[in-house]
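Student: Heads up: the sequence lines are chains A and B, in that order. Counting from 1, one number per residue, gives the positions in the first sequence under the working numbering. Counting from 1, one number per residue, gives the positions in the second sequence under the working numbering.
These are calculated hints, taken from the structure and not from any lab test. One should not assume that every hint holds.
Since copy identity is lost for identical chains, a pair holds within one copy or between any two.
Claimed, not checked - Within a straight-line C-alpha distance of at most 20 Å, the following computed SDA-like cross-link-like pairs (lysine to any residue) qualify:
#, residue 1, residue 2
1, K235, D224
2, K235, Q29
3, K157, I47
4, K157, T97
5, K157, R104
2 protein chains.
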Amino acid sequence: MISSTPHSYSDGDTTFIGRLVHDDAVSGQRPGVLIIPAFGGLGSFEIERAEELAALGYVVLAVDYYGEGAQASGPEQAGAWMSALNADRPLVARRITAAFEELRSLPMVDPARIGAMGYCFGGKIALDLARTGADLRAAVSLHGLFDAPPMPRQTMKAAVLACHGWDDPLATPEAVLAFAAEMTETCPDWQLLAFGHTGHAFTNPNANSAGMMYSPAASQRSWDNLTRFFADKLKV
Amino acid sequence: MISSTPHSYSDGDTTFIGRLVHDDAVSGQRPGVLIIPAFGGLGSFEIERAEELAALGYVVLAVDYYGEGAQASGPEQAGAWMSALNADRPLVARRITAAFEELRSLPMVDPARIGAMGYCFGGKIALDLARTGADLRAAVSLHGLFDAPPMPRQTMKAAVLACHGWDDPLATPEAVLAFAAEMTETCPDWQLLAFGHTGHAFTNPNANSAGMMYSPAASQRSWDNLTRFFADKLKV
Chain A
1 MISSTPHSYS DGDTTFIGRL VHDDAVSGQR PGVLIIPAFG GLGSFEIERA EELAALGYVV
61 LAVDYYGEGA QASGPEQAGA WMSALNADRP LVARRITAAF EELRSLPMVD PARIGAMGYC
121 FGGKIALDLA RTGADLRAAV SLHGLFDAPP MPRQTMKAAV LACHGWDDPL ATPEAVLAFA
181 AEMTETCPDW QLLAFGHTGH AFTNPNANSA GMMYSPAASQ RSWDNLTRFF ADKLKV
Chain B
1 MISSTPHSYS DGDTTFIGRL VHDDAVSGQR PGVLIIPAFG GLGSFEIERA EELAALGYVV
61 LAVDYYGEGA QASGPEQAGA WMSALNADRP LVARRITAAF EELRSLPMVD PARIGAMGYC
121 FGGKIALDLA RTGADLRAAV SLHGLFDAPP MPRQTMKAAV LACHGWDDPL ATPEAVLAFA
181 AEMTETCPDW QLLAFGHTGH AFTNPNANSA GMMYSPAASQ RSWDNLTRFF ADKLKV
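The whole structure should be built from the sequences, with the hints applied where relevant.
Tutor: Spelled out as C-alpha cells, the structure:
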C-alpha cells in the first residue's frame with residue numbers, strides 16, 4: 001500500500017514541508033527519488049507522479065523549495081517567487097542539497113542509489129543538484145530551463161536526461177547548444193530527448209497557452225524514458 | 001519460426017536483392033518495416049536486426065540500395081559508392097520508393113502500416129523516403145545524416161525519430177539545428193534523441209575509430225525507443 005505523508009526537513013535556516021511517498025509493503029533499502037515541482041510549489045500533480053514512482057519501488061521525497069510548503073496562488077505569484085529564488089543559485093543548491101541529504105538519510109533508502117527529477121524550474125533545480133557534484137546517480141529535467149548557475153563547474157556524478165519541447169520559448173535552440181556544450185564538459189553520461197511541435201509545460205494537462213501546451217504524446221514519451229532511465233541507473 | 005530469404009525487386013532499371021524476414025507462424029496482414037543498411041550495403045548486421053523485428057511481429061524487407069545485392073569490400077569502396085549515389089538524391093528517392101512499394105505490395109503486409117529505419121547513409125535514406133511524402137507511418141534514423149535533398153519540400157505523413165550521437169563529426173550541432181527547422185516545417189510529429197559523448201556509428205560493435213565508436217548504452221537506448229515508437233505507430 002502506498003504511504004503518502006507530509007515530511008519536514010530543514011537547511012538550518014528554513015523549514016521545508018515536502019511529502020514522503022513509498023510502498024509500505026516493501027522492506028529493505030530501496031532507491032530514492034527526489035521529485036522537484038514546477039514553479040508553483042509542491043502540489044497534487046507532483047504528488048501523483050510520486051505515487052506512480054513509489055508503486056515502481058522507489059522511496060520518493062516530493063520537494064518543497066520555497067519553504068513551509070508554500071504554494072503560489074497563481075502564475076503571477078509563482079513567477080515572482082521563482083525569480084527571487086532563481087536570483088540566488090547558491091541558495092537553490094543549498095536547498096536542494098538539504099532535500100537530497102534528507103532523503104538519503106532515511107533508513108529505508110539506499111544512500112548510494114538516489115535520483116532526482118523536476119518540472120520546469122524544478123528541472124533546472126534537478127540539474128543544479130547534479131551540478132554540485134553530489135553523489136547522485138541520475139537527474140531528469142522535464143521541460144526544464146538550461147542556463148547554468150554562475151558558479152565554478154564541477155564534474156558530475158549523475159547521468160542526465162533532459163526531456164525538452166523544441167518550441168519551448170524559455171529554452172531556445174541556442175540554449176540547447178550551450179547546455180549540450182556544458183554537459184559535454186561536465187557530465188559523463190547525458191541525453192537530450194527533444195520533441196517537435198512541443199512547447200514548455202508539455203506534461204501539464206492544464207497548460208494551454210501559446211508556447212506552453214499539454215502534449216499527451218510528449219508526456220508519455222518522456223515518462224517512458226524517465227522510468228527506464230531510473231530503472232537502469234537506480235535499480236542495479 | 002523466422003523465415004529469412006533473399007528477395008528481389010526492381011525500380012525498372014536496376015534489380016535489387018534485399019532480404020525478406022518474417023515470422024511464418026503468424027497469419028494475416030502485419031505491419032511492415034524497411035531496414036536500410038549503412039553505407040557498406042546490406043550485410044549481416046542489418047539482417048540480424050531484421051530478425052529481431054520479425055520476432056516482434058513485423059514483416060521486414062532489408063533493403064539493397066546499390067543494386068544486385070552489392071556489398072562494399074571496405075570503407076573506401078563504401079565511401080565511393082555512397083558519394084556517387086548521394087550525388088543523385090532523386091535517384092535515392094526512386095530506389096527507396098521501389099523498396100517501399102515492394103514491401104507494401106506483399107499480401108502478408110498491411111500497406112497502411114509501414115515504417116522505415118536506417119543506419120548511417122541508410123538513416124538519411126529513411127528520412128528521404130519520408131521526405132517524398134510517402135504513405136509511411138514512421139521513419140527512424142540511427143546516426144543518420146541530416147542534410148535535406150535539393151528538392152521541393154513536401155509535408156510528411158511519417159512521424160520521425162532521429163537517434164543521434166552529439167559528437168558525430170558527420171552531423172554537427174549546426175546540422176541538427178537545420179534538421180530541426182526542416183522537421184518543424186514538414187513533419188507533424190518528430191523527435192530527436194541525442195546522446196552525449198557519442199559519435200557516429202554507435203550501434204556498430206565494430207566501430208572503433210575517432211568520432212565513430214560503438215556505444216552499448218546509446219545502441220540499447222535507441223533500440224528501446226525505436227521498438228516502442230514502431231509499436232505505437234504501426235501496431236494501432
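Student: Is it within a copy, between copies, both, or neither that the alpha carbon of K235 lies no farther than 20 Å from that of Q29?
Tutor: within (11 Å within a copy, 39 Å between copies)
Student: Should K157 paired with I47 be assigned to within, between, both, or neither, using CA atoms and 20 Å as the limit?
Tutor: Classified as neither; 27 Å inside a copy, 38 Å across copies.
Student: When no copy is specified for K157 and R104, does a C-alpha distance of 20 Å or less occur within a copy, between copies, both, or neither?
Tutor: Answer is within: at 16 Å inside a copy they meet the 20 Å cutoff, but 48 Å across does not.
Student: When no copy is specified for K235 and D224, does a C-alpha distance of 20 Å or less occur within a copy, between copies, both, or neither?
Tutor: both (16 Å within a copy, 18 Å between copies)
Student: Treating 20 Å as the Cα threshold, decide for K157 and T97: within, between, both or neither.
Tutor: within (14 Å within a copy, 47 Å between copies)
Checked against the numbered hints above, the structure violates only hint 3.
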